[in-house]
Each structure stands twice: as structure tokens, then as C-alpha cells.
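Asks: Given only the sequences and the hints, what does the whole structure look like? Please build it.
2 protein chains.
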Amino acid sequence: MSEKLSVQPYKGTRDFYPQEMRLRNWFFGVIRRELENAAFDEYNGPMLESLELYAAKSGEEIANKQTYNFMDRGERHLAIRPEMTPTVARMVAAKIGDLSFPLKWFSIPNMYRYEATQRGRLREFWQLNVDIFGCNTYEADLEVITSAIRILRAYGADETMFTVRINNRRFFNDVIAAITDKNAEESRLVSKVIDRKNKVTRESYEKDLRALGLSDEQIGKIDALYSMNVAQATALCPDSVGSCELRSLFAALEKMGLDKFCVFDFGIIRGLDYYTGTVFEVFDNAPENNRAMFGGGRYDNLVDLFVKNAKISGVGYGMGDVTLENFLVTHKLVPASFGSGVKVLVTRFEDVPYEAYTSLAERLRDAGIVSSVYLGQKKFGKQLEYAVKGEYSHAVIMGGDEYARGVVRLKNLLTREEKEISLDALIEELQ
Amino acid sequence: MSEKLSVQPYKGTRDFYPQEMRLRNWFFGVIRRELENAAFDEYNGPMLESLELYAAKSGEEIANKQTYNFMDRGERHLAIRPEMTPTVARMVAAKIGDLSFPLKWFSIPNMYRYEATQRGRLREFWQLNVDIFGCNTYEADLEVITSAIRILRAYGADETMFTVRINNRRFFNDVIAAITDKNAEESRLVSKVIDRKNKVTRESYEKDLRALGLSDEQIGKIDALYSMNVAQATALCPDSVGSCELRSLFAALEKMGLDKFCVFDFGIIRGLDYYTGTVFEVFDNAPENNRAMFGGGRYDNLVDLFVKNAKISGVGYGMGDVTLENFLVTHKLVPASFGSGVKVLVTRFEDVPYEAYTSLAERLRDAGIVSSVYLGQKKFGKQLEYAVKGEYSHAVIMGGDEYARGVVRLKNLLTREEKEISLDALIEELQ
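Quick mapping for you: the protein sequence lines, in order, are chains A and B.
Note that our numbering gives residue 201 to position 201 of the first sequence, counting from 1, and the numbers run on in steps of one.
Note that our numbering gives residue 337 to position 337 of the second sequence, counting from 1, and the numbers run on in steps of one.
Worth flagging that the hints you see were computed from the coordinates, not collected in a lab.
Quick caveat, the model's predicted, so the values are computed rather than measured.
Any given hint could be a false lead.
Straight-line Cα separation of at most 20 Å, DMTMM-like style, residue types lysine to aspartate or glutamate; simulated pairs [stated by the list, open to error]: (1) A/K4 <-> B/D304; (2) A/K260 <-> A/E159; (3) A/K389 <-> B/D98; (4) A/K11 <-> B/D72; (5) A/K57 <-> B/E3; (6) A/K260 <-> B/E362; (7) A/K221 <-> A/E186; (8) A/K95 <-> B/E20; (9) A/K255 <-> A/E159; (10) B/K255 <-> A/D351.
Replies: This is the structure:
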């Protein structure tokens, strides 16, 4: 077999070399720290699930088309998870009697979607999922939105860099019904047209609304909603539960000083069949990253897929690693270096027993100092070159003479300073 | 649709609820800390790879049978990774000119194997992979074995709990040739029989060796190898490169005080076609966990699958999360609690503005104190119950009276002590 295998990763997937991995470990680390700090608990589930889980949530056609799915040898139709929500709903349902609600949970799983790749969208990605189960009032909506803002602020982001765009599906339904004066069924048809607004021409949009009997005045009233603030918008149907939720949420955000990050945006709908209350998206304000980074909202019926009348309301969001990384890089929020600083290469000479080097490295490691013996038998100059390329901060030099006297030379690779030091003093010097 | 979906995860996979996730984060955290401390760099790659990657390493039949594999819509035959080694070899090959060798790399990916489930073996698992590329002498073998021992010692394990069993494939070939006095081709047939020794009866084993022309004396000499130490074994073919590597390795282990964890074991072979030098397995000494936890060795030809004459030698090991967890639990090495200790529930009363609670929780979080507001509107007793179940250490109580006076009551949920404290003193008290 002289034909060589390709070194390219599969389309839409990525290799993470140590440099990229350090970046990821840093930004996932910030997320974990902030969420654990706010008493969210981490969970995880399997990468493979029954395909019917996704079909039950999104419909069979979408589930088939957007997932990697296949039969196992026992004729079970499986899918690689394209999202985490069905898994977490399954897990909540499985232990519904044992869990102490409200649950505050998060996960950062890898997942796959079968779709065309573009900036900010790959086939394999990691997605932060944050959810609160078992609290059906605005306080939980506030808590998940607060957590998204906390994460971005922890990276050093401010209100010029991102915007939380908030709407409410109950408000949406009620205000459309109020403007059009239609019953629930007819109003739903109008909602479907509005949901597709950005995907069709203005002409086609107006034509579809007129076909449902809307007047120019009614169409104008709907248009006006897109530039209203929350007080103006909710005044159109003041008694709606959705209006009340929006007002409570925005009042709390204001009193917490978080309103500068948030706006009411009637354009946020997020899929008609799924969300039932607050919906929101966090947008990167940079024009080159023209996508929502976080998206989520309240969903009421998901645990019911598994347990009859579960009545466990959930609210949460997902955030992909690809859009987050674009955000951090574009806004220059990535630190220049992730290292702890001290990293020691113990260089090696032929006239000293090798174990003297490995024992020294082990002693440094025991003291919590990152260190390695140079592996191999290259000349000293090559060893130093390796140290510099590998971002080591110090080299320890112990030839036969130093070994006999129980000392080493410690070279600082940044300043190029070098000094002789006893083995015992070395650890203290480096700590 | 009244038929409810199953709450069970797919066979051979696991749900990780927060309690199990804390355990995993702890034991993976120990691994990361120890390996980073020894200057190993973390990497990762895609969950899906081209099936031919695994076929090239293990043969088409095994690759097909043991992996979850399927065609994508572009007729690419993909597999969910059953192991990490082909991926890391591909990554090394892709950047062979840019990387600074020797590389010290590790990864903790999730992966799938299509096999019957049993204790210590599931279909979805996580596997630590540690590899050194670009150093073809025993020093790299020593470094990876040292890292395995360091990880287990970091959990508190000692030499009574695990054993590193070491052999060498060059030595194996040479000693078989020496005992049987056969050429390479004939000797290879003998090796194949020896490799299957534990899978057949003693009778069948001896019959197969006699069929290849071995005398009872020769069979006895092979038997004797299984109870020899490294000095006795290598004396049988003292000039073998493998003997030399074994002696160097064991001498260094002894001088580093690590020989108490290690034994020479002629029974460690690990697949005939793959390994080329040192091979080793780390066994759990507990009889109920009768499996190797770590397994690995030196392989020379893997990067060559991608790059002609790459000549990058590798040595490394894999360790699965399932066997590790069994080990830690069996030897009682899991800490009673993983928490930082302080975790504060801010309880809630109707006569205080809600934002007073959320702002207080945000201040505590800003100070690095894990805290949450109780979400919902249950009675105080229910809120305290929730705090105790959720392993909160403290409850902050601020009713209308306290709010008016700028104080809170701080209740220690372990000691049940309660005291009044000013808002400003609260953070200091909890830190």
C-alpha cells in the first residue's frame, strides 16, 4: 500500500493542536468558573441517542436531515446528538422523583450537525447548555440571562461588544391577536408569516399578510413593534401574562444595572413550535460576526415527551464554541499567554547518570513546578532551541562538574541571565 | 402521540448527573494537573474520522466490526473514533515540519466501540491518551511510565493497589528466536501461538507449538520466562536491543525509587502487528477489577501511514475512565466531598424587592463565593429544605425588617448556628 492516507480532518471538523487547546481550555474554564460560582451544576450525557428523541422535538424530516444518523446492528435508529436539550429533558424525566427542583444545570458537550459549513458554523462543535428546570416565573429567566452576561463580562467584554435581545412568545401571540383581532388559529397563521419575515422580500411578506385579511394599518402597527422599547410594546396589550413577564424582567435588569446590555427586540422569535415564554439571543456587535452567539428561552413541554403531565417548565440557552471564539478574537479578549509562567527544561549531558535528571524533574513536579527532562541525546544548543520553541521559561543545566558539586546552573530563557544555585535552593528560587 | 419516549440512555452509554460529573471532573482534573506539571500538552481532534484510518491500522474487518461506521451523504465512509492513536498520528503528520520534537502530548476524548458490554467495558467511554513522538530511546518509555505512576499516586494509590507490568517486543522476538533457533518467519508463527496462550487450553497451546517443531525442552524454556525477573530474562539473549532497553528502563526505575510499582512480565504482548519495543500494562491489584487500566508501548510506523518515510517513533498509552473509576472506588480513593465548602443560598421573602436578593447574590459571586438566590416563591421552610438537599453550606435570610436595617441573618446549615451580620461584613465572614 503505497497510497498515503489524507492528513486532513473530516469536512467541518477541527484538529485542536496544543496552542488551540490552551485557548479552548481557557475559555471553557471561564465558563465553568462563572457558572459554578452561580451554583449551576455540570452534567453530561451520551453522544449517541435514539433518533426518535430529536424527531419528537423537531419533526422527523428535520431530525433525519440535520443529524448524522444510522442503524446499529440491533436495528436501533441512532443519531449523533445535534443538540443537548432532548438529552437533558430525558435525564430530568428519568429521575424526576429524586431531583430537587429548581435544578440549575449546565453542560459543554461536543455535537454534530449535518449542514453546509460557513463562518461561525461547523459540523462538529461544542455547545454550552445552561438550563433551569422547575421554576416557571421570570426569576429563572432573569437568572439565565444574568449568567450569560456574567460569562461575557468575565472575558472582559463590555456593553459596546454584545447585546442581549429579548422578546416573549406569550406577549408575541397576545399582541398579534390584539392588533389583528383574530382568534388563536387565525392568529397563528399570521405569526407564521411574521416568523419568515427576514427570509422573504418585503413585497411577499405584505402579500401574505394581506391574504390573511390584514389591513395596511394593521401591517403598519406590526412594523412599529420592531422599534419599540418594552414599555411602548407592552402598552399594546397590558394585561397579557407575557407583557407582565417582560416588564418584571426588564425592571429587575435595570435595578441590577444590567439593562445597558439588554434591549427589547420584537424580531426575536426562535422557532414557533417550541418556546413558550421569554426568548432571547445574545448578539456579537461586531459586524463581521453577524450571528447570535447565545440563543434560548422558556420551553414548557419537553419533559412531557417522557413523563405524562410532568409539568416541569424549563428555561435555558445554548452557546457554540465557534461563535464564541470569533467573538473573543474579534474583540481582542484573548490573553497573550495562558501559561502559569514557570516551565523548566532540565537539559541533559552524557557524563551525568540519566536518573539524576529524572529525579530532579520529579522533585520539581512534586513541588508543583512544571518541568521536563530533555528526551533524547541532542547537543546542548539543540536542547536550548527546543526549550525556547516549547515556551519554557527556564533551563536547568547540570554537567558532570555541577553534578559532582551538588549544584546546577539556572538559565532564565527570557532575560538570558544564568546563575549557579544549589539543588536545595532551586525549588525555592522557582516557586 | 400518547406513547412516551424511553428515559433510558442507549445501551452501553451513561448519563452523568451532577454527582457523577463532580467525580469525573475531579479525576480528570488530577490527570490534567499531573500531566501539565510534567510539561505534557493537551490536544483534541474530531469525533468522526474517515473509516480507512482505522482500517489502515487494524485491518478492514476489525475496523468495520468494532466501530460505529456509516456513509455520509457524500459517500464518505466515516467512523466514530474507537481510539485516538490514528487521529494523533494524522495530526502529527499534518504539521510534521512545524512541530518541535520530541512532542509530549495528551488528550481525554470520548469515543465509541461497538462491543458487548461488561464490567469495565462500555460502548461509550473516555480515554486518556498520553504519547511522546520523536524520541526512539528508552528515556521516552521511562517518561510515559513515570507519568502513569504519578497519576495513580496523585490519587493516593500505593504499590499495594496497582502494578506496572512491562515487556519489550524486540526482546520478545529475540528471545523466542534464541530459544527455538528459528528464522524470523518461523519465529513469527511461534509468537502467534504464544500471543494466544491465554485464550486456549494448555493442551491446545502445547499441540500448536509442537506442530511448529518445538521440543518439550523448548516449551519449558518459554514457560520459565513467565516467572523470571528482568535480569534472568535478558540473560537469555544479552545482545538483543530489546534486552538492553529493558535493562536501562528497569535500572532507571530502580534508581528513581519506582521499581516497587513495576515488574517484568513476559505475558504482556499487546497485539503482534503494532508495537515494536517496550510494551506495558498497569493492572489494578484488586481481584474484582481483573483488567488492565492502562496499556501501551512503543510503535514506530504509524505516522508513516500519512507521510512517506516519516520515521517518527511514538510511545504512549491509553487509559479508560470506566476502569479508572472502578479502581478509585474499590480502593476507597474517592474523596467524601468535592466542594470548595462554602455555598450560599440567598432565601427570599415577598416583602423585599426581588432585586435586593439578586444584587446580593451577584456581589457574593463577584467576591468568588458560590451563591444562588432561591428561584420561585415557596415558603421559607421549603427553601431551607432545598438548601440542605443541594448541599449548600449557608443560608442568607433577609426579611423586610432586616432589609430595612441593612443586615441579614446568616445561618450555617451544618452547625445550625445563626447570627445577624451587616451586608458589608457578610462577604468577609464567608471568605
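Asks: When you check the alpha-carbon spacing of A/K389 and B/D98, does it fall within 20 Å?
Replies: holds, 10 Å
Asks: A/K11 and B/D72 were given as a pair; does the straight-line alpha-carbon distance stay at or below 20 Å?
Replies: Distance of about 11 Å is within 20 Å: holds.
Asks: If you draw a straight line from the CA of A/K4 to the CA of B/D304, is it 20 Å or shorter?
Replies: The given pair, whose Cα atoms are some 8 Å apart, holds under the 20 Å limit.
Asks: So if I understand the rule, the pair passes when the alpha-carbon distance is 20 Å or less; does A/K57 with B/E3 pass?
Replies: Holds, because 14 Å separates the two Cα atoms, which is no more than 20 Å.
Asks: Does the alpha-carbon distance linking A/K260 and A/E159 stay inside the 20 Å limit?
Replies: holds, 6 Å
Asks: Are the Cα positions of A/K95 and B/E20 separated by 20 Å at most?
Replies: holds, 14 Å
Asks: Are the Cα positions of B/K255 and A/D351 separated by 20 Å at most?
Replies: Cα-Cα ~17 Å, so holds.
Asks: Hey, A/K221 versus A/E186, does the alpha-carbon distance stay inside 20 Å?
Replies: Distance ~17 Å between A/K221 and A/E186 Cα, so the pair holds.
Asks: Does A/K260 pair with B/E362 here, judged by a C-alpha cut-off of 20 Å?
Replies: holds, 16 Å
Asks: Against the 20 Å threshold, does the CA-CA distance of A/K255 and A/E159 hold or violate the hint?
Replies: Distance of about 16 Å is within 20 Å: holds.
Hint compliance for this structure: no hint is broken.
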